[in-house]
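Protein chains: 2
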Amino acid sequence: MQSGNESKVYEEDLESHVKHLEKGLFQLARSLRKIRVGGEATPTYATGAGFWELVLLKHRHSMRSSEIASSLAIDISTVSRQIKVLEHAGLVKKEPDSNDARAAIISLTKKGEEIVDQLIKKREDTVRRALEGWSVEDRECLIRLLDRLVVGLDSDEN
Amino acid sequence: MQSGNESKVYEEDLESHVKHLEKGLFQLARSLRKIRVGGEATPTYATGAGFWELVLLKHRHSMRSSEIASSLAIDISTVSRQIKVLEHAGLVKKEPDSNDARAAIISLTKKGEEIVDQLIKKREDTVRRALEGWSVEDRECLIRLLDRLVVGLDSDEN
Numbered sequence: 001m002q003s004g005n006e007s008k009v010y011e012e013d014l015e016s017h018v019k020h021l022e023k024g025l026f027q028l029a030r031s032l033r034k035i036r037v038g039g040e041a042t043p044t045y046a047t048g049a050g051f052w053e054l055v056l057l058k059h060r061h062s063m064r065s066s067e068i069a070s071s072l073a074i075d076i077s078t079v080s081r082q083i084k085v086l087e088h089a090g091l092v093k094k095e096p097d098s099n100d101a102r103a104a105i106i107s108l109t110k111k112g113e114e115i116v117d118q119l120i121k122k123r124e125d126t127v128r129r130a131l132e133g134w135s136v137e138d139r140e141c142l143i144r145l146l147d148r149l150v151v152g153l154d155s156d157e158n
Numbered sequence: 001m002q003s004g005n006e007s008k009v010y011e012e013d014l015e016s017h018v019k020h021l022e023k024g025l026f027q028l029a030r031s032l033r034k035i036r037v038g039g040e041a042t043p044t045y046a047t048g049a050g051f052w053e054l055v056l057l058k059h060r061h062s063m064r065s066s067e068i069a070s071s072l073a074i075d076i077s078t079v080s081r082q083i084k085v086l087e088h089a090g091l092v093k094k095e096p097d098s099n100d101a102r103a104a105i106i107s108l109t110k111k112g113e114e115i116v117d118q119l120i121k122k123r124e125d126t127v128r129r130a131l132e133g134w135s136v137e138d139r140e141c142l143i144r145l146l147d148r149l150v151v152g153l154d155s156d157e158n
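Chains as they are written, first to last, in this note's numbering: chain E, 1 to 158; chain Y, 1 to 158.
Since the hints were made in silico from the structure, they are not lab data.
Errors might be hidden in some of the hints.
If several chains are the same, the list does not tell them apart, and a pair holds so long as it fits within one copy or across any two.
[What the hints assert, rightly or not] Below, in silico cross-link-like pairs of lysine-lysine (BS3-like), each with a Cα-Cα straight-line distance of 27 Å or less:
1. LYS23 with LYS84
2. LYS84 with LYS19
3. LYS34 with LYS121
4. LYS58 with LYS19
5. LYS34 with LYS122
6. LYS58 with LYS23
7. LYS122 with LYS111
8. LYS34 with LYS58
9. LYS111 with LYS19
10. LYS23 with LYS34
11. LYS94 with LYS23
12. LYS34 with LYS84
13. LYS23 with LYS110
Taking the hints into account, I'd like the entire structure generated from these sequences.
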């Protein structure tokens, strides 16, 4: 009996944790949106979906449109349109893909690098202020568990 | 001397934590995007920005366009356009605001409620799978620290 009860309590805990976490992740995503929109007049590439392409290219250096699309779960026509806007603004450049004549390799220009660095610095400043007063242990714990959650979410196939 | 050194180590820790967390939050936001896009053919209101309005209305029941815009940090013309799409799809309804003849109160229809419940259930299922094998302590710790981070981010004024 006791182990049955314990397992039931565990399940109830799990359901309340799942609900709480799903709501918490929505609120977090909303809070993160506000960082990139910011208070001052913000260039469009920092408010819209172009933001994702820019930061992704910063992390990965150079990618094909098809790789960007699958990594961001955006359809390729949307990626192409956004890349065109970023290219027009001088933030990304296209080079021929030596392995595929129809494809192009996309990377940040020097100006693009500078803009992404500014966007990331702004996010880091906000995160630094949000962490004010936290113990080292709590900061380490959050980082460890967030990384683990991302691995779990990304390995999910359903 | 020693306390000076200790404080320097603490500062270096903080900077590495801030950088790690900023990157982790980007990856998390990307993973969360994939949940709502999903594998099967997804209706547009679940992939685009309409998703935010739907979930927000679920949490808050009824809101003015201006309240939705400030809560999501989206400009009001974009909110109005998205609300029109959701209204056309029968997911939200507008009612006159008795306090302001020019404004309208927006809320979910029964169909809208059902769609949001499905979207949230899908996210909860993904979160539940991602939490598989976690101890109760780790789950509680993540929830507590995420909530605290959201409070810190939302109270930030810069």
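Hints, verified against the model:
| no. | hint | in the structure |
| --- | --- | --- |
| 1 | LYS23 with LYS84 | between (35 Å within a copy, 26 Å between copies) |
| 2 | LYS84 with LYS19 | neither (40 Å within a copy, 30 Å between copies) |
| 3 | LYS34 with LYS121 | both (15 Å within a copy, 25 Å between copies) |
| 4 | LYS58 with LYS19 | between (34 Å within a copy, 14 Å between copies) |
| 5 | LYS34 with LYS122 | both (11 Å within a copy, 25 Å between copies) |
| 6 | LYS58 with LYS23 | between (30 Å within a copy, 11 Å between copies) |
| 7 | LYS122 with LYS111 | within (17 Å within a copy, 40 Å between copies) |
| 8 | LYS34 with LYS58 | both (21 Å within a copy, 20 Å between copies) |
| 9 | LYS111 with LYS19 | between (42 Å within a copy, 22 Å between copies) |
| 10 | LYS23 with LYS34 | both (17 Å within a copy, 16 Å between copies) |
| 11 | LYS94 with LYS23 | between (39 Å within a copy, 25 Å between copies) |
| 12 | LYS34 with LYS84 | both (25 Å within a copy, 23 Å between copies) |
| 13 | LYS23 with LYS110 | between (39 Å within a copy, 21 Å between copies) |
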